[in-house]
Amino acid sequence: MRKRGPKDVPVPARKNVDYLFSVTYEELRRLAVSVKSGDQASTLNPTALVHEAWLKLARSSEFAATSHLHFKRIAARAMRQVLVEAARRRTSQKRGGGGEAVFVTFDESLDQPAAQDEEMLRLDRALDDLARLNPRQADMVEARFFGGFDIPETAQLLEVSEATILRDWRAAKAWLAIEIRPGQ
Amino acid sequence: MDRERWEKIQSLFHHAVGLDPPSRTPYLETECGGDTQLLAQILSMLEEDEHGSSLIDRGAGQAAAQALDASLSQREFGPYRIQRVLGEGGMGIVYFAGREDLGSVAAIKVLRDAWMSPSRRERFAVEQRTLARLSHPSIARLYDADTLPDGTPWFAMEYVEGVPITNDCLLLHSSIQDRLRLFRAVCEAVQYAHSHAVIHRDLKPSNILVQADGAVKLLDFGIAKQLDQTDSQHRTLTGLRLMTPAYAAPEQIRGQEAGIYSDVYSLGVILYELLTDQLPFDANNRQPGQEPLKPSQRARRAGWGDLDVLCLTAMHNDPQRRYGSAEALIRDIDHYLAGQPLEARPDSASYRIGKFLRRNQRAVAAAAVLFAGITGLVIYYTVRLAAARNEALAESARTQRVLRFTLNLFQGGDKDAGPATNLRVTELLDRGAAEAGALENEPEVQAELYASLGEVYAKLGLLDRADSLLHAALDRRKSLFGEEHPRVAESLVQIGLLRDNQAKLEEAEMLVRQGLEMSKRKLPPGHPGIAAATHALGKVLQDRGRYGEAIPVLQEAVRLRSAPGVAKAALAESLFELAGAHFYAGNYDRSEELNRRLLSMHREIYGARHPMVAEDLINLGAIQQERGNYPEAERYHRQALAITEAFYGDSHHKTATGLTLVARALGYQKRHQEAAELLARALLIQEKVFGKIHPRVASALNEMGVVALVRANYKEAEAVFTRTAEIYRSVYAGKHYLMGIALANLASVYMAQKQDRRAEPLFRQAIEIYKQTLPPGHLNEGITRIKLGRALLRQDRFAEAEQESLAGYEILSRQANPSVSWLQNAREDLGVIYTRLNQPDKAKKFLARAK
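First to last, the protein sequences are chains F and D.
Quick note: the first sequence uses this note's numbering, first residue 3, plus one each step.
Quick note: the second sequence uses this note's numbering, first residue 381, plus one each step.
No lab work stands behind these hints, which were simulated from the structure alone.
Don't take each hint at face value.
Taking CB as the label site, the calculated pair distances span [stated by the list, open to error]: (1) D:Ser848 <-> F:Pro137: 52 to 62 Å; (2) D:Asp1221 <-> F:Asp152: 18 to 28 Å; (3) D:Glu502 <-> F:Glu161: 55 to 65 Å; (4) D:Ser575 <-> F:Pro137: 52 to 62 Å; (5) F:Asp131 <-> D:Leu482: 50 to 60 Å; (6) F:Asp131 <-> D:Val465: 39 to 49 Å; (7) F:Pro184 <-> D:Pro625: 39 to 49 Å; (8) F:Glu161 <-> D:Pro401: 14 to 24 Å; (9) D:Pro402 <-> F:Pro137: 35 to 45 Å; (10) D:Pro402 <-> F:Glu161: 31 to 41 Å; (11) F:Pro184 <-> D:Ser1193: 47 to 57 Å; (12) F:Glu161 <-> D:Asp400: 26 to 36 Å; (13) D:Ala595 <-> F:Glu161: 54 to 64 Å.
As the structure is a prediction and not an experimental result, all values here were calculated from the model.
Glycine is no exception: its CB is placed at the ideal position from the N, C-alpha and C atoms.
For reference, chain F alone in the conformation it holds in the complex (with noise of 0.2 Å):
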């Protein structure tokens, strides 16, 4: 069987892309809670309702060539798209725009989520900047943050060693926490 590489991740049909958005909406649901309650011990780790997912969505012909992990990448670019989108809503309900009445009754008080929100904006459009200068770096971001890769599992997706892992991320990281900064 032929090894796709990260270039050839399928684009998904859109009955799939929805199904994904809301497996991995739950993932990131279950996540929060998890967070807020405390658990300090509670990681990304997208194995379960992903891993599900996929054993649904391997049966259809568009996945059927698709390994657990390039799927799980799929749903890493689901859960960046999730979670910016969430964000662009919220910020985008603050600043009276849009013109929808969605989040009326959710609370709008606190100020604080706003400010996280941008940061998520800002990451979103830094991660497309870091496209632009090189894109393995930038499927990397998307994998170890939004995705849950660890570093074994990032170097074999991208077909580099990991060393050459830690050195991308580290210097990745650095230069996308500056870019995200507020007034940048």
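Based on these hints, arrange chain D on the given structure of chain F.
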């Protein structure tokens, strides 16, 4: 910034990181020259590297907690006022709420972030609909449902205060009998849900609460599945959330479709826990196919033989061998409590053989229906026409014209004539078709005739003729009435059923669904056209093996056709399919009940000695056979045989089929000698009727060969299978999967005699034929490749064996209901192969799963 600069930044950054902190700035100042921006950038990065606590360091969990932390400020939902949070999960929040006007309480479930995706909204709606259709004292019920102005959906349901069924305090003072009674109440609630076409799919103690008064309540239908859900999107949606692995059935863990049998499995695990106070498996380290310790061993209790059987039958890895329903489980609990023997039987070799043989039964039954004698056909059409006549008289001259035409066609049909009459009817039909073709100036009549004739051709198995006529009818109707019309719908359904007959099942389902939807749009509710289309859908779903979906559809067809004024034969037709669906779904009790009803209906319609009556007796026999009640099965099949023989004579192919069925029942009772005698008679008849070279003769030979192989009469088996293969070769020119089966069977005879080299090329030929004639990845191919793998393995050709066994294993693993024994065989073989290939890791993997 460009790529080059980014590379430079990184290179300087990495170098600086390697230096002592004091020497970093001087180094960078030198390297950056006058580029102060570069210098500042790298220094900032170093700082972040050392002290960083950005979003990325905090982790996505924190990000999720922040981004998704939109707590609801809404306090009121309809008449309910929220008091506290009961629980929070991926899907939404559950609140405890009070209702002041009534002084009552409820649990409110709210879908958060409903905007996120349509599938989440849909699933939430599904749960709500599921609860709405269930009304049972042991199931938490739905009170109210609505949507907030911002689009957030919510529903209110019964608030249940209780403890999980496996709660220590609860169980502290309860005997095994008490526990079983509690468990029985759970089974009843589950059975109720199943009878309303709802599968729970997440049965576990935390979803089964016992209230202070000892009453049991089933909660959380969050991932329940409605069996009659037909929209394909629902299918991908179901099971979105992970079920709890400790209680999930193996097929759920593999990500396969869950059914009634999956709930039965979960019930088994709960029973296990109730009996032993422990889970059967370590939930964190559960291997697929793993077998639990017997409850008696786990609890170190003697005299628990029946409890072991009860529990482990419910928890069998092979869904086919679990209790077929919660009801069956309840029955055995009752038997246990009453000190009676259980219905479940421990595994035995004969059962496994039975299971293998019964796979063919369906083909035989289908063939029997397809080749329904001409007499039955004439009666069928007479009844059908009688019903049509009333309609026609009231309707139009057009229909009358069709009716006359059709009646004329059948006039003189001799109901006592033998099979040769088939030819005469075909001639008549051909003449009819030619006449209809001449009616170009009466397109409406022509369309009707084509539709009717097409249907008759299909009944006679002349599928190509049927195909062109039914399509001609569809085309004419479309140009006469437009794309949307009840007649167009009727044509779609007819062609769908033809596709079903041609085993193009996917297309069949699509067409029939189209026809059904159109009928519903264009016809008043309860119209016979809708009933017919519903019936057709049920039949197609059944033929696709989706019995769970077929059952509610066929129930609807039965309901529609139970209306006054509908011909009894039509109702019987739907009942017949429903009985079949229940049979294949393993609901033998339901199927038996329906077949008994059919038996009396058919006796009433056709008299006690009609082939349709024999058909019902055969089905009742098959049910007994499934239950392992072989003497009773034999009795039914002999009754059926007597009718068939009296009706068709002792040299009719239907008589031969009847003999074969009796022979099988005898085979199960290990009365091989008697079985062989009956099969020899059957063979003689088939040869007399069809000549020496005919597929039916081959089929009879195949039966004989199987018996001979079981009796280790290898010489006879070899001769018989060789002849079978020769017949198929000359009839189908080797282009039929049956040819493959004959070759594979012959090879099996050689394998049984350890002549592996002789078996090998035959297996290879069989596989080649399957590849050409069956859809890719067919079960037959899988099993034969595993057999070939074994033949190679026995010749120490491990690398080649690996290829075949693995390919076969993969094919079987993808089957909805894989043959477990062959999967096991493949695992064992692969274990040996990899051991011999010096790949212990892989070997271990397979051996571990081969238990």
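Just to be sure I understand the hint, the distance between the Cβ atoms of Asp1221 of chain D and Asp152 of chain F should be within 18 to 28 Å; is that true here? Holds, since Asp1221 of chain D and Asp152 of chain F (Cβ atoms, about 21 Å apart) stay within the stated range.
Kindly confirm whether 39 to 49 Å is satisfied by the beta carbon distance between Asp131 of chain F and Val465 of chain D. Because 41 Å falls inside the window, the suggested range holds.
Pro402 of chain D and Pro137 of chain F, beta-carbon distance inside 35 to 45 Å? 36 Å Cβ-Cβ, so the 35 to 45 Å window holds.
Range hint 26 to 36 Å (beta carbons of Glu161 of chain F and Asp400 of chain D) holds or violated: Distance hint for Glu161 of chain F, Asp400 of chain D holds at roughly 35 Å.
Outcome for the supplied range 39 to 49 Å, where the beta carbon pair is Pro184 of chain F and Pro625 of chain D: 43 Å, holds
Verdict for Ser575 of chain D, Pro137 of chain F (Cβ pair) under range 52 to 62 Å: 56 Å, holds
Quick check: does the Cβ-Cβ distance between Pro402 of chain D and Glu161 of chain F fall within 31 to 41 Å? Holds - the Cβ-Cβ distance for Pro402 of chain D and Glu161 of chain F, about 39 Å, lies within 31 to 41 Å.
Quick check on a hinted range of 50 to 60 Å for Asp131 of chain F and Leu482 of chain D, using CB atoms only. Holds, at about 59 Å.
Per the hint of 47 to 57 Å, is the separation of the Cβ atoms of Pro184 of chain F and Ser1193 of chain D within bounds? At 53 Å between Cβs, range holds.
Could you say whether the range 14 to 24 Å given as a hint is met by the Cβ separation of Glu161 of chain F and Pro401 of chain D? 35 Å, violated
Has the hinted range 54 to 64 Å been met by the Cβ atoms of Ala595 of chain D and Glu161 of chain F? 59 Å, holds
Ser848 of chain D versus Pro137 of chain F beta-carbon gap, inside 52 to 62 Å or not: 57 Å, holds
When the structure is compared with the earlier hints, violations turn up for hints 3 and 8 and for no others.
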